[in-house]
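Take a look at the letters that make up each chain.
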Amino acid sequence: MRKAILFVAFLFVGAFLLLGVADMRPFGEPQMAVMDDYYIQNAQPEVAVNNAVTAVVFDYRGFDTLGEATVLFAAVVGVLGLFRKLREDER
Amino acid sequence: MNNNSMSVIVRTVTRFMYGLIILFGFYVIMHGHLTPGGGFQGGAVVASAFALLLVAFGSAGLKGQLNLHWLQSIEEFGALAFLGLAFLGIGTAFFYNLFANSGGFLFGASVPTGSNAGVLTAGGLVPLMNWAVGLKVMTGIAAVVIVMLVGSHKEETE
Amino acid sequence: MNIGNLPFIVAALLVVLGLYTFLFKRNLIKLVIGITLIETGVNLFLVTLGYRTGGISPIYTFAPEAQQMVLPTPQALTLTSIVIGLATTALLLSFAVFVHRHYGTLDVRKVKELKG
Numbered sequence: 001m002r003k004a005i006l007f008v009a010f011l012f013v014g015a016f017l018l019l020g021v022a023d024m025r026p027f028g029e030p031q032m033a034v035m036d037d038y039y040i041q042n043a044q045p046e047v048a049v050n051n052a053v054t055a056v057v058f059d060y061r062g063f064d065t066l067g068e069a070t071v072l073f074a075a076v077v078g079v080l081g082l083f084r085k086l087r088e089d090e091r
Numbered sequence: 001m002n003n004n005s006m007s008v009i010v011r012t013v014t015r016f017m018y019g020l021i022i023l024f025g026f027y028v029i030m031h032g033h034l035t036p037g038g039g040f041q042g043g044a045v046v047a048s049a050f051a052l053l054l055v056a057f058g059s060a061g062l063k064g065q066l067n068l069h070w071l072q073s074i075e076e077f078g079a080l081a082f083l084g085l086a087f088l089g090i091g092t093a094f095f096y097n098l099f100a101n102s103g104g105f106l107f108g109a110s111v112p113t114g115s116n117a118g119v120l121t122a123g124g125l126v127p128l129m130n131w132a133v134g135l136k137v138m139t140g141i142a143a144v145v146i147v148m149l150v151g152s153h154k155e156e157t158e
Numbered sequence: 001m002n003i004g005n006l007p008f009i010v011a012a013l014l015v016v017l018g019l020y021t022f023l024f025k026r027n028l029i030k031l032v033i034g035i036t037l038i039e040t041g042v043n044l045f046l047v048t049l050g051y052r053t054g055g056i057s058p059i060y061t062f063a064p065e066a067q068q069m070v071l072p073t074p075q076a077l078t079l080t081s082i083v084i085g086l087a088t089t090a091l092l093l094s095f096a097v098f099v100h101r102h103y104g105t106l107d108v109r110k111v112k113e114l115k116g
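Here the protein sequences come in this chain order: R, S and U. Under this note's numbering, residues 1 to 91 are what the first sequence spells out, in order. Under this note's numbering, residues 1 to 158 are what the second sequence spells out, in order. Under this note's numbering, residues 1 to 116 are what the third sequence spells out, in order.
For reference, chain R alone in the conformation it holds in the complex:
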């Protein structure tokens, strides 16, 4: 019974996702590219960097990278803390 309910829910969500694809815009034609065109045109004069992706990661959207570094730090500290008891036993 539980499995049948799960299967119906799975079918519903899967059909929802796959039907949503049918209504997507055509592949390869972004609708709004004003911000990205600004990044592409101004990455060299403003940041003096050839790689526009690096300019976005480290300059225009540095806050995202800061949050990501925080998440990575938290995960590393979490893993090391979980295994700390093992390491103390080893010593």
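Honestly, the hints are just simulated from the structure, not real lab data. Hints are not guaranteed to be accurate.
[Unchecked claim] The calculated lysine-lysine pairs, modelled on DSSO-like cross-linking and capped at a C-alpha distance of 30 Å, are:
#	chain 1	residue 1	chain 2	residue 2
1	U	K30	R	K85
2	R	K85	U	K112
3	U	K110	R	K3
4	R	K3	U	K25
5	U	K110	U	K30
6	R	K3	U	K112
7	R	K85	U	K115
8	R	K3	U	K30
9	U	K115	U	K30
10	U	K25	U	K115
11	R	K85	U	K110
12	U	K25	U	K110
13	U	K30	U	K112
Here the structure of chain R is known, so what remains is to put chains S and U in place on it, guided by the hints.
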């Protein structure tokens, strides 16, 4: 030879290759503002070299060569360096690129607009942030891999 | 060559496969694999959103002149997403290791029965 290391072929190839992999990772970090790549990608490449060493020589082979305290210290230094570099431009805005196009000695050169061969000394704070994030990622992933492999191996032998 | 909406369909299929794994498998490692599959689908969807037909990668070093470039922001955010996915996968796998240490099994149902 301890029992959890792999065959002599794998160990020989690893001994030959891991230096080249680390060198390639540092190249990816250093040229992050010119070519595809950057701090995260290069750090992951260097960490994969550490993972290769661990797989080939086993957890006992690395004992005493990679200190977890050192790895953790370098990771925290990378995080603090990233935050400090972000705070350098606080006079204008957080994450303001202070050194770009300044003409100074430290990554202050300008680049010509359009397609060019790449100027290594350009970019302002971006290469420094690449190095900070690269150090952080390589040591963080290496510490995670070492701790997980040592922990799971210890469980098997119990 | 016209490939239509195939990349969107592939991204949706990856997410659906991950959902299937997540709903019907009981092994913890397989659950982690399902989460990673969903993550991969989302990353592919992000990169796909930023593609322009005939565009080159947004890097000026030795770039061909007068070419359209693909959008850099989705690529940067995908980079962020990949590293966060790596961190969460490491944490999930270490939780799985500890569940196996404590209960002696990776089956979710048995862990539920053994609880307490």
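Original post:
Any of the earlier hints contradicted here, and which numbers?
Top reply: The structure breaks none of the hints.
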